[in-house]
Structure formats: C-alpha cells, structure tokens
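Engineer: Sequence:
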Amino acid sequence: MLETVKTRLHQAREWLLDYAYLVTLGAMIAVIAGTALYTDHLRSQQNVQAAAPAPEVSSSPTPQISPIPVPTLAPIRMPSAAGSVRPVSGGQIRGFSSQPVFWQGLDCWQSHFAVDLAAEAGETAVCMRDGVVLSCIRDELWGWRVEIRQTDESVCTYAGLSCVLVQVGQTVARGQALGDVLARIPAESELGPHMHLSLARDGQWVDPASTLPEA
Numbered sequence: 003m004l005e006t007v008k009t010r011l012h013q014a015r016e017w018l019l020d021y022a023y024l025v026t027l028g029a030m031i032a033v034i035a036g037t038a039l040y041t042d043h044l045r046s047q048q049n050v051q052a053a054a055p056a057p058e059v060s061s062s063p064t065p066q067i068s069p070i071p072v073p074t075l076a077p078i079r080m081p082s083a084a085g086s087v088r089p090v091s092g093g094q095i096r097g098f099s100s101q102p103v104f105w106q107g108l109d110c111w112q113s114h115f116a117v118d119l120a121a122e123a124g125e126t127a128v129c130m131r132d133g134v135v136l137s138c139i140r141d142e143l144w145g146w147r148v149e150i151r152q153t154d155e156s157v158c159t160y161a162g163l164s165c166v167l168v169q170v171g172q173t174v175a176r177g178q179a180l181g182d183v184l185a186r187i188p189a190e191s192e193l194g195p196h197m198h199l200s201l202a203r204d205g206q207w208v209d210p211a212s213t214l215p216e217a
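For the sequence shown, the working numbering begins at 3 and goes up steadily by one.
A few of these clues could be false.
What the hints assert, rightly or not - Listed next, with one range per pair, are the computed distances between beta-carbon atoms:
no., residue 1, residue 2, range
1, 171, 95, 30 to 40 Å
2, 192, 154, 30 to 40 Å
3, 211, 112, 13 to 23 Å
4, 141, 94, 22 to 32 Å
5, 111, 215, 12 to 22 Å
6, 175, 104, 34 to 44 Å
In short, the hints are calculated from the structure, not lab data. Note that the Cβ used here is the ideal one computed from N, Cα and C, for glycine as well.
Please model the complete structure; the sequences and the hints are all you need to start from.
Structural biologist: Here's what the structure looks like:
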C-alpha cells in the first residue's frame with residue numbers, strides 16, 4: 003500500500019514538472035511572438051510615414067506692396083517779358099502785394115493784385131501782347147477797364163482809361179491802341195494819372211511786373 007502511494011506521488015511530481023516546463027515554454031513562445039508582432043507593427047508605421055508625400059511648399063511669390071503714387075502738381079507757368087511792350091511810358095509807382103496795403107482813395111486796407119504804372123493824362127495806352135478783347139467796362143472807381151485774353155491764355159486788365167478804342171470780341175495786336183489814360187483814377191487818386199495793370203492765370207492773380215519790358 004505504501005509503495006503504491008509513493009509511486010503515485012512520484013508520477014504526480016513528474017507530471018507537474020512536465021506541466022511547468024510546458025507552461026514556461028508557452029510563455030516564452032508568446033513573448034517571442036508578441037515581440038515579433040510589435041516589431042512588424044513599428045516597421046509598417048515607419049513605411050507608411052516614409053511613403054506619405056512631403057507637404058508642398060507654395061511657390062507663389064511674396065506679395066509686394068506697391069507704393070501709392072503721389073500726384074505731381076503742374077507748375078504755374080509765369081508769362082515772361084519776351085514779346086511784350088509796355089502799355090504806357092512811365093515806370094512802376096506801386097507794386098503787386100498779396101498783403102494788405104493802405105488805399106488812400108478808398109480809405110481802407112486791402113491787397114493790391116496789380117502794378118500801377120505812371121503815365122501822362124491823355125496818353126494812349128497800348129496792348130502788351132496779341133489777344134482777344136473779353137470785356138470793356140466803365141465804373142466810377144476805375145474809369146474804363148479793358149480785359150484781354152492773351153495768346154498764352156493769361157488775362158490782362160488795363161484800368162484807368164478815359165475812353166476805349168476797341169470792342170468786345172475784337173482781335174488785337176501787340177502795341178495796338180486801347181484807349182487814353184484818365185487824368186485821375188478815383189480808387190487811387192493819390193497816385194495821379196497812371197494805369198492800374200493786373201494779370202491773372204488759371205484763375206490766380208500773378209505779378210504783371212515779370213511780363214513788362216524795362217522802361
């Protein structure tokens with residue numbers, strides 16, 4: 003009976019040893035298989051990443067900021083003395099001034115957008131340049147005034163005449179008689195007989211002195 007028990011215990015121990023070996027072997031096989039599967043998974047991920055196309059770099063040029071053009075203002079062309087004649091014989095007695103000056107005849111201060119040229123009463127005033135008569139007007143302050151558009155598009159006004167010898171729309175030539183000088187211009191009575199000469203270009207008053215030949 004005792005021998006039988008010993009035999010069975012020995013068999014059971016042998017069986018447990020064999021079972022433990024098989025379990026250990028199975029665990030090792032499982033570890034090896036798992037490691038292989040994980041390695042294959044990593045390799046497949048790397049292959050997918052390597053096969054993915056690289057992101058495209060835009061070839062569009064960098065937008066350039068264009069400067070805003072600054073408009074260029076056209077300079078005001080000033081008439082010159084070339085080709086002009088003096089309208090009366092005398093020199094300048096009062097000049098052009100955009101600042102207020104005292105007008106004794108009017109008893110006030112205001113700008114003087116003209117030049118005053120000395121003359122003899124009754125002297126014949128002549129046209130400085132070729133042009134066309136725009137107006138002939140008489141008033142109590144200035145006597146007769148003749149306005150002429152010259153060939154360079156400037157407008158010249160001759161004030162202080164006792165009479166006129168031209169009419170509106172008439173073409174006049176340089177040196178042509180316009181009228182006679184008044185003995186006294188009421189607006190500038192303190193200056194004696196003279197011509198009040200003004201000049202405008204593009205709607206702006208300019209100094210007529212630059213267009214006058216020397217006396």
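Engineer: Next, verify each hint and record whether it holds.
Structural biologist: Going through the hints against the structure:
1. Range check, residue 171 to residue 95: about 33 Å between beta-carbon atoms, so the 30 to 40 Å window is met.
2. Range check, residue 192 to residue 154: about 33 Å between beta-carbon atoms, so the 30 to 40 Å window is met.
3. Here the CB-CB span from residue 211 to residue 112 is close to 19 Å, well matched to the stated 13 to 23 Å.
4. Roughly 24 Å separates the CB atoms of residue 141 and residue 94, a value that falls within the hinted 22 to 32 Å.
5. Look at residue 111 against residue 215: about 32 Å separates their beta carbons, and that is not inside 12 to 22 Å.
6. Judged by the Cβ atoms, the range 34 to 44 Å given for residue 175 and residue 104 holds: they are separated by roughly 38 Å.
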